[in-house]
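Visitor: Here the protein sequences line up with chains A and B, keeping their order.
Quick note on numbering: the first sequence equals residues 1195 to 1454 in our numbering.
Quick note on numbering: the second sequence equals residues 47 to 370 in our numbering.
Check before you lean on any hint, since a few could be wrong.
Pair ranges (Cβ atoms, derived) [stated by the list, open to error]:
id : chain 1 : residue 1 : chain 2 : residue 2 : range
1  : A       : Arg1215   : B       : Leu168    : 39 to 47 Å
2  : A       : Gln1414   : B       : Thr242    : 58 to 66 Å
3  : A       : Ala1311   : B       : His292    : 50 to 58 Å
4  : B       : Thr235    : A       : Gln1414   : 19 to 27 Å
5  : A       : Gly1294   : B       : Glu82     : 40 to 48 Å
Chain A regions said to be covered by chain B (calculated; three or more residues, Cβ under 8 Å) [claimed, not checked]:
id : region
6  : 1203-1210
7  : 1369-1379
8  : 1396-1409
9  : 1440-1450
Beyond 10 Å from chain B on every Cβ pair, some chain A residues (computed) [unchecked claim]:
id : residue
10 : Leu1218
11 : Met1300
12 : Gln1331
Because the hints were derived from the structure by calculation, they are not lab data.
Note that the Cβ used here is the ideal one computed from N, Cα and C, for glycine as well.
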Amino acid sequence: MPLLEATGVTVRYQGHDDQGRRQLWAAVDGISLAVAEGERVGIIGESGSGKTTLGKALLGIEPIAQGTVLFRGANVHGLKGRALKEFQQGAQMIFQDPMGSLNPRMTIGAALDEVLAVHKLASRAERPERIKALLQQVGLDTDYTRRYPHEFSGGQRQRIGIARALALNPALLVADEPVSALDVSVQAQILNLIRDLSEARGMAVLLVAHDLAVVNYVCQRVLIMYKGRVVEEGPAQEVFKNPRHPYTQLLKASVPDPDD
Amino acid sequence: MHASLPILNVSNLKIYFSSEEGIIRAVDGIDLTVCENETVALVGESGCGKSLTALALARLVTGPGLSLTGSIQVAGEDILTLPEARLRALRGATLSYIFQDPAASLNPVQRVGDQIAEVIRLHRKVPDVTAEVIRLMTLVGLPNPESRRKAYPHEFSGGMQQRVMIAMALACQPRILVADEPTTALDVTIQAQIFTLLSDLQLQLKMAVLLITHNLGLVACNAARVYVMYCGRIMESGPVEEVLRHPAHPYTKGLLAAVPRLNRPVERMKGIEGSVPHPAHLPAGCRFHPRCPLAQEACRQGEPIIESVKEGHNVRCHYWKQQA
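Build out the structure end to end from the sequences listed, making use of the hints.
Guide: The structure is reproduced here in structure tokens:
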């Protein structure tokens, strides 16, 4: 059984047609995909393709109009109570703007402490040690716990976001454009971190991104989205080396290569 | 490549600010030249001073305790001493800009045609301004200009908004176009369209382009020469082929090693250790030394001078010769 299995997932939004009449349109249109334990899968698309909406729908954050999402066999969109909390522990998300996902008035130590406390993962006495271990795992200084988000650089904040996700020891990490706000030199550090953590912990990663080379670097398998649909999917190396769909071919041809 | 005359000549440009934490040396003595018809790239990470440099070219920098020194020559005019009225005439006519976020540069409550017309009326005497607006919109590939000129910016996609910005920037046939991260907010397929458009227009209109970007791929595909900037200094400069194929500075090498490629086997990327220092607390000696794999005592002590690697290829590093 795959870790995550989505079948015919459709997300609809209220919108308007050319004449201004109300109309429902599908931001995500009948997408099926499966992620195995420990597997790294990339979802590529341009703005408006529905890739972020799909990521959220898979985590149960975005309501779906049709289809099912199963996480370890349980329907993600019908979870309540303890089962919901267990799912939230098992599947975590990090976002493009780590500043936007951290409370500016909470120290990093407090933010990590809260996660461990809410999910009852460690006793009050154990938590400081766990927090230090988490910071170490993402390559941050262990005495950063008293600092506030604004005292960190963008790359460090993304590491904090990852530490917070790791606190729950998730089986799946959904990363939505985790490096697109970061400088080139820092981007490589974060991509390496995600890859290393995935390998060391057997953690599956669903990487949502617009950058083909980033996905190629991190993921084994890739899905190419266009207007809410998957137009091509397969092993990342194969799809990027030999794209079959004209849209994938256009995407690949549009990427400027420093080696050209 | 240097056959034509310089249209832009920057020498020893310094842009300093004063802050509570001390003097911020955002741009610290840079030299830069762009020749007629040439595309030159200025590359660097956030906070390196590349956008400030771009703004300074038309004396558009403001800020607390600003000190702007050195010299900037645009088409023979000395920008830093030019009277305000002459400067206004030059902005948009001799030198014009396009920026990262076209939506922020356009007036949301004015029709795009009127915004393009304003530039024309301000700088040129044209009998039929509407016809000129339509001609410009056609030039930049905006469909149905007769009707679309009456639309508002929000009725255009990001790529189309950037085309409107380009139409405004080109309305007076500038000698040099400064493009500051012009496609960073756009999708890759649209980015490719915009750069194709820019290079076509450059050929037609014979203008120089200064491309400010962090994307080395765009540099490789679009520029003839490149300046690599770090913490307010130019670390390396030269012909694009030379600098990207045979980088001499460890920072340039690090940047190149940190970009994932589609056409190469997936090997582990190195990246660059650490992060960019705060501009008020720049390290002594070479500004890159805390992050540099080659750093030695000399790098902590003194800042390297600019040395020539080859004709036109310069580097600011003590140990560039020692590198394989």
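Visitor: Hints first: check each against the structure and report whether it holds.
Guide: Here is how each hint holds up against the structure:
1. Between Arg1215/A and Leu168/B the CB atoms are about 41 Å apart, so this pair conforms to the stated range of 39 to 47 Å.
2. A hinted range of 58 to 66 Å for the beta carbons of Gln1414/A and Thr242/B is inconsistent with their spacing of about 34 Å.
3. Between Ala1311/A and His292/B the Cβ separation comes to about 55 Å, which falls inside the hinted range of 50 to 58 Å.
4. The hinted range of 19 to 27 Å is satisfied by Thr235/B and Gln1414/A, whose Cβ atoms lie roughly 25 Å apart.
5. About 44 Å separates the C-beta atoms of Gly1294/A and Glu82/B, a value consistent with the hinted range of 40 to 48 Å.
6. With a cut-off of 8 Å between beta carbons, the region 1203-1210 of chain A has 0 residues touching chain B; three or more are needed, and the interface restraint is violated.
7. Counting residues of the region 1369-1379 of chain A whose C-beta sits closer than 8 Å to any C-beta of chain B gives 3, which meets the bar of three, so the coverage hint holds.
8. Only residues whose beta carbon comes within less than 8 Å of a beta carbon in chain B count, and the region 1396-1409 of chain A has 5; three or more means the coverage holds.
9. Counting residues of the region 1440-1450 of chain A whose C-beta sits closer than 8 Å to any C-beta of chain B gives 7, which meets the bar of three, so the coverage hint holds.
10. Consistency note on Leu1218/A: stated as away from chain B, and its beta-carbon is indeed over 10 Å from all of that chain's, at 22 Å minimum.
11. The non-interface label for Met1300/A is consistent with chain B: the shortest C-beta to C-beta separation is roughly 22 Å, beyond 10 Å.
12. Once the 10 Å rule is applied to beta carbons, Gln1331/A is consistent with being away from chain B; the minimum gap is 18 Å.
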